[in-house]
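Novice: Residue-level listing of the chains:
2 protein chains.
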Amino acid sequence: MNEIIETILNHRSIRKYEDKPLTEEQIEIIVKSAQAASTSSYVQAYTIIGVKDKEKKKELARLAGDQTYVENNGHLLIFCADLHRHELIGEMENTEVSQSLDTTESFMIAVIDAALAAQNAALAAESMGLGICYIGGLRNNLVEVSEVLRIPKHVIPLFAMTIGYPLHTSDKKPRLPFKHIYHEEEYQPDSSILKEQLEDYNETVQQYYEERTNGKRQDTWTSQMAERFSEPRRIYMKEYVQKQGFDKK
Amino acid sequence: MNEIIETILNHRSIRKYEDKPLTEEQIEIIVKSAQAASTSSYVQAYTIIGVKDKEKKKELARLAGDQTYVENNGHLLIFCADLHRHELIGEMENTEVSQSLDTTESFMIAVIDAALAAQNAALAAESMGLGICYIGGLRNNLVEVSEVLRIPKHVIPLFAMTIGYPLHTSDKKPRLPFKHIYHEEEYQPDSSILKEQLEDYNETVQQYYEERTNGKRQDTWTSQMAERFSEPRRIYMKEYVQKQGFDKK
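Each protein sequence line maps, in turn, to chains A and B. Residue numbers for the first sequence follow this note's numbering, beginning at 2 and rising by one. Residue numbers for the second sequence follow this note's numbering, beginning at 2 and rising by one.
Among these hints, one or two may not hold up.
Given that identical chains are not distinguished, each listed pair holds provided it fits within a single copy or across any two copies.
Capping the alpha-carbon separation at 25 Å, the derived lysine-lysine pairs in DSS-like fashion look like this [what the hints assert, rightly or not]:
| # | residue 1 | residue 2 |
| --- | --- | --- |
| 1 | Lys57 | Lys180 |
| 2 | Lys55 | Lys244 |
| 3 | Lys53 | Lys180 |
| 4 | Lys196 | Lys33 |
| 5 | Lys57 | Lys249 |
| 6 | Lys21 | Lys174 |
| 7 | Lys55 | Lys17 |
| 8 | Lys58 | Lys21 |
| 9 | Lys58 | Lys217 |
| 10 | Lys33 | Lys173 |
| 11 | Lys250 | Lys154 |
| 12 | Lys250 | Lys53 |
| 13 | Lys21 | Lys249 |
| 14 | Lys58 | Lys180 |
| 15 | Lys180 | Lys21 |
| 16 | Lys154 | Lys239 |
| 17 | Lys180 | Lys55 |
| 18 | Lys59 | Lys217 |
| 19 | Lys244 | Lys196 |
| 20 | Lys250 | Lys57 |
| 21 | Lys21 | Lys33 |
| 22 | Lys217 | Lys33 |
| 23 | Lys249 | Lys55 |
| 24 | Lys250 | Lys239 |
| 25 | Lys154 | Lys249 |
Hints are computed from structural coordinates only; laboratory data are not their basis. The model shown is predicted, which means the values in this text are computed figures rather than measured ones.
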């Protein structure tokens with residue numbers, strides 16, 4: 002196994018960091034690593050906002066569900082799906098582009114581009130001995146987040162990433178069985194096989210929690226997921242996304 | 002610079018491969034690397050389909066816009082946003098989840114999860130000396146692709162990835178200026194600064210094409226993008242995505 006695969010497999014989210022900011026050089030390496038990712042048809046449909054201001058980080062931490070590590074870290078990045086620059090390009094090139102920016106396809110391109118870039122940033126940071134955590138909680142309240150970050154139309158903050166010098170390690174949560182995630186030749190058509198794999202996985206996850214909590218935590222993955230999806234969350238999202246000029250048709 | 006950042010920065014898409022299939026072990030390392038990526042609230046909302054069958058690859062190559070490297074490579078992966086297993090979990094746990102799977106938020110989670118996993122897969126492959134290419138052209142015709150791969154409801158094939166032993170190298174296309182992609186504290190509110198940065202970048206891109214084509218190709222990035230977005234593409238996407246049970250409310 003090479004060093005890169007080792008780093009990839011060794012990933013765990015880090016939620017407590019030393020009070021030591023990243024250097025400008027580290028930030029630049031991380032962002033340039035993000036930019037080196039593939040991008041659909043060269044569109045580069047994302048922007049990364051770096052936040053250092055203490056008050057702003059505090060406010061974002063509150064909006065993301067009071068997660069203290071959003072405030073306390075070495076650096077905070079916000080990954081945004083971005084077609085605003087393509088709107089500006091329409092003006093520069095005197096071309097009508099708004100019909101095209103509005104589509105679900107363009108929305109998907111921008112979300113995928115931003116995520117590919119983010120994962121490169123995560124690995125670049127981890128390769129330097131830093132820890133990271135993705136903050137999906139940023140989507141709790143994108144209307145307010147957009148005010149704090151002065152987000153224009155055709156931009157959506159998708160998630161944040163905290164980066165810093167780790168103050169703890171954590172366990173790697175077991176992933177779904179290989180054969181459940183990886184299908185050969187076509188999507189596994191037999192639901193009973195998929196359900197059996199999930200039952201097997203439940204045992205793995207249950208054992209993982211039991212060992213970590215001395216038997217106190219007993220839940221399975223499917224029970225967690227059923228709970229997670231029992232009520233729709235962030236139901237304002239469709240309206241927000243469309244107000245930002247995405248995914249309209 | 003460490004080996005990982007070197008691999009990340011050294012990425013280029015490879016479109017011609019030796020006629021040499023990946024081993025099962027290589028495939029497993031790549032998929033397990035994908036699985037090691039962060040996933041929103043542990044939902045693991047994606048599936049990877051590996052295609053070896055010659056006829057099926059040929060058919061997918063045709064659907065993706067006659068790209069021969071979709072047929073001729075060491076292995077072909079299809080990355081799918083997937084909430085089908087969460088639908089099954091609803092049955093297993095006797096919980097009503099359909100209201101939650103339908104939301105734009107759940108759609109975004111699944112797309113982001115799949116893309117993070119894909120970028121890990123790409124880097125794992127590249128770290129082993131393999132080349133990769135993302136195939137967004139798969140989205141040209143997802144209705145037919147879904148038939149070929151027997152895609153159920155709550156699953157969307159987002160893109161493919163060709164992997165194999167490279168038969169060429171290629172140049173790295175210059176990326177947007179660091180200061181254009183990376184904003185500090187808030188989204189850059191001054192459009193004239195953004196436009197200036199794009200003008201500067203145009204010179205870089207123009208020079209890149211001129212050098213590669215002995216002066217034959219002259220276009221700028223903004224002209225490419227204006228052309229790219231002058232007409233909406235894949236306008237069937239919204240209907241398809243919603244038919245698959247995503248992004249409905």
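Novice: A separate judgement is required for each hint: does it hold in the structure or not?
Specialist: Now for the hints, and whether the structure bears them out:
no. : hint            : verdict
1   : Lys57 x Lys180  : between (44 Å within a copy, 20 Å between copies)
2   : Lys55 x Lys244  : neither (29 Å within a copy, 45 Å between copies)
3   : Lys53 x Lys180  : between (43 Å within a copy, 16 Å between copies)
4   : Lys196 x Lys33  : between (42 Å within a copy, 20 Å between copies)
5   : Lys57 x Lys249  : neither (31 Å within a copy, 33 Å between copies)
6   : Lys21 x Lys174  : neither (27 Å within a copy, 34 Å between copies)
7   : Lys55 x Lys17   : within (16 Å within a copy, 49 Å between copies)
8   : Lys58 x Lys21   : within (15 Å within a copy, 50 Å between copies)
9   : Lys58 x Lys217  : neither (34 Å within a copy, 49 Å between copies)
10  : Lys33 x Lys173  : between (27 Å within a copy, 13 Å between copies)
11  : Lys250 x Lys154 : both (16 Å within a copy, 21 Å between copies)
12  : Lys250 x Lys53  : neither (37 Å within a copy, 35 Å between copies)
13  : Lys21 x Lys249  : neither (43 Å within a copy, 44 Å between copies)
14  : Lys58 x Lys180  : between (41 Å within a copy, 21 Å between copies)
15  : Lys180 x Lys21  : between (42 Å within a copy, 23 Å between copies)
16  : Lys154 x Lys239 : both (15 Å within a copy, 20 Å between copies)
17  : Lys180 x Lys55  : between (45 Å within a copy, 22 Å between copies)
18  : Lys59 x Lys217  : neither (33 Å within a copy, 53 Å between copies)
19  : Lys244 x Lys196 : between (39 Å within a copy, 24 Å between copies)
20  : Lys250 x Lys57  : neither (34 Å within a copy, 31 Å between copies)
21  : Lys21 x Lys33   : within (21 Å within a copy, 33 Å between copies)
22  : Lys217 x Lys33  : neither (44 Å within a copy, 29 Å between copies)
23  : Lys249 x Lys55  : neither (36 Å within a copy, 38 Å between copies)
24  : Lys250 x Lys239 : both (12 Å within a copy, 6 Å between copies)
25  : Lys154 x Lys249 : both (13 Å within a copy, 22 Å between copies)
Hint compliance for this structure: hints 2, 5, 6, 9, 12, 13, 18, 20, 22 and 23 are broken, all remaining hints hold.
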